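Asks: Sequence:
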Amino acid sequence: MELSAIDRASWNEVVGRFAARTVFHRLEWLELLEEHHGGELLLLGGRDEGEVVAVWPVMTVRRGPLRVAGSPLPGWSSAYMGPLGLEPDHATRLVCAAGAGPLRGVSYSEIRAVDHGGEPVDLEPCGYEVLERFETYLLDLPGDTEALWSGVTSKCRNAVRKGRRNGFEVRIETGDDFVGDFWRMSCEVFGRWGIAPGYDE
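Numbering-wise, our numbering puts 82 at position 81 of the sequence shown, and it's gapless, one number per residue.
What the hints contain is simulated information worked out from the structure, not anything from laboratory work. Note that the structure is predicted; figures quoted are calculated from it, not measured. Idealized CB from N, CA, C, for every residue including glycine. A portion of the hints provided could be inaccurate.
[As the list claims (entries may be wrong)] Restraint ranges, calculated between C-beta atoms of paired labels, are given here: (1) Arg158 <-> Gly102: 23 to 33 Å; (2) Glu147 <-> Val62: 20 to 30 Å; (3) Gly51 <-> Asp201: 31 to 41 Å; (4) Tyr109 <-> Glu147: 31 to 41 Å; (5) Gly39 <-> Glu147: 43 to 53 Å; (6) Trp150 <-> Gly102: 20 to 30 Å.
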């Protein structure tokens with residue numbers, strides 16, 4: 002796999018090709034983290050025969066004498082930023098190539114990656130050790146509302162109804178106009194514990 006940097010102007014377009022992408026992979030979010038945490042943002046791509054088959058946003062920061070890499074690091078309010086591949090082995094190969102390249106000499110790194118269709122991104126060949134596995138769910142959402150409702154537990158249905166009563170809304174964001182709403186929500190959630198979010202609006 003050939004490792005290369007992906008320019009910021011085309012990052013969102015390239016990332017848009019990967020089914021497991023999240024809002025935390027978008028350039029707007031990554032630049033927010035870069036500005037707030039003062040690190041160096043690396044937008045890495047892995048190419049096979051000229052085609053980008055894997056991407057990985059990773060940021061390096063200094064913690065005293067140590068160079069630390071995060072994708073993401075704790076406190077960044079980012080669920081997942083880890084590598085994305087058209088196939089799981091593409092992400093693995095990209096991380097291994099980065100470890101021998103721009104991330105050589107990093108003292109510590111933390112990666113949270115999304116499983117691809119039930120197959121986890123295997124980073125052990127790159128020298129990483131799984132310290133903790135976080136669980137989340139991917140649901141097949143049929144077009145028929147009745148079929149969807151019959152496929153979930155009564156506890157889940159009750160939680161959805163409670164969310165509706167409380168005015169919760171689910172939407173897929175494609176631009177940066179979500180930031181204001183996300184900021185207000187973050188302040189409210191963090192405020193319950195008497196702390197501020199770990200980032201600026």
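Asks: It remains to establish, for every hint, whether it holds in the given structure.
Replies: Evaluation of the provided hints:
no.	hint	result
1	Arg158 <-> Gly102: 23 to 33 Å	49 Å, violated
2	Glu147 <-> Val62: 20 to 30 Å	49 Å, violated
3	Gly51 <-> Asp201: 31 to 41 Å	39 Å, holds
4	Tyr109 <-> Glu147: 31 to 41 Å	49 Å, violated
5	Gly39 <-> Glu147: 43 to 53 Å	51 Å, holds
6	Trp150 <-> Gly102: 20 to 30 Å	49 Å, violated
The structure fails to meet hints 1, 2, 4, 6 from the earlier list, while all remaining hints are met.
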